[in-house]
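Participant: Sequence:
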Amino acid sequence: MATFYSCGEKPDVIYKNAKIYTLNSTNDIADAIAIKDGKILEVGKGQDLESKYKADDVVDLKGAVVLPGLIDTEGSIVEFSKNMNYIDLSKCKEPEGDQRPCDLQNRNCHGR
Numbered sequence: 001m002a003t004f005y006s007c008g009e010k011p012d013v014i015y016k017n018a019k020i021y022t023l024n025s026t027n028d029i030a031d032a033i034a035i036k037d038g039k040i041l042e043v044g045k046g047q048d049l050e051s052k053y054k055a056d057d058v059v060d061l062k063g064a065v066v067l068p069g070l071i072d073t074e075g076s077i078v079e080f081s082k083n084m085n086y087i088d089l090s091k092c093k094e095p096e097g098d099q100r101p102c103d104l105q106n107r108n109c110h111g112r
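Residues in the sequence shown are numbered from 1 upward in steps of one, following the numbering used here.
Hints in this document: simulated from the structure, not taken from any laboratory. Quantities reported herein were computed from a predicted structural model and do not represent experimental measurements. The beta carbon of each residue, even a glycine, is placed where N, CA and C say it ideally should be. A few of these clues could be false.
Between beta-carbon pairs, the in silico distance windows are [to be verified]:
(1) Asp60 / Tyr21: 25 to 31 angstroms
(2) Ser25 / Val65: 19 to 25 angstroms
(3) Gly38 / Glu79: 26 to 32 angstroms
(4) Lys10 / Lys62: 21 to 27 angstroms
Please build the complete structure, drawing on both the sequences and the hints.
Facilitator: Put into C-alpha cells, the structure is as follows:
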C-alpha cells in the first residue's frame, strides 16, 4: 500500500489486525503498520508485512482503530482571537465620570 520510511529496514514492531485510516489521497484503509524508530516504515496488509519483514515484535490490535496523529493547527489562533475581544484595563485607574469601555480602550492608561 505505502512505504514511508526506507526500504529494506527491519521494523521494531508490526501492529496488525487493526483498522488503520491512512487519510492519504485515496483514503486507503489498511490492517497493519510497521514501525521503525518511532516512524512509519510501511502500511499495508498484516500477512504481507509479517512475511516481508519478520519483525521480532508483532502486536495484535484486535480490530482497534488507528488514526494518524492529528494536530489542531487553529486552536491557538482561535484562543488568540478570543483575547482580541477584550479590553485590557489592568493599568488604568478608576475612570473619571461616565466613560464607556471603548473610550478607555483608546486612552493611554499607562501611568494614569
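Participant: If you check the beta carbons of Gly38 and Glu79, does the distance land in 26 to 32 angstroms?
Facilitator: Once the Cβ atoms are compared, 29 angstroms apart, the range 26 to 32 angstroms for Glu79 and Gly38 holds.
Participant: Range hint 21 to 27 angstroms: satisfied by the CB atoms of Lys10 and Lys62?
Facilitator: holds (24 angstroms)
Participant: In this structure, is the beta-carbon distance linking Ser25 and Val65 contained in 19 to 25 angstroms?
Facilitator: This hint holds: roughly 20 angstroms between Cβ atoms.
Participant: Honestly, do Asp60 and Tyr21 meet the 25 to 31 angstroms range at C-beta?
Facilitator: Since Asp60 and Tyr21 have Cβ atoms about 18 angstroms apart, the given range 25 to 31 angstroms is violated.
Hint check: a violation occurs at hint 1 only; the rest are consistent with the structure.
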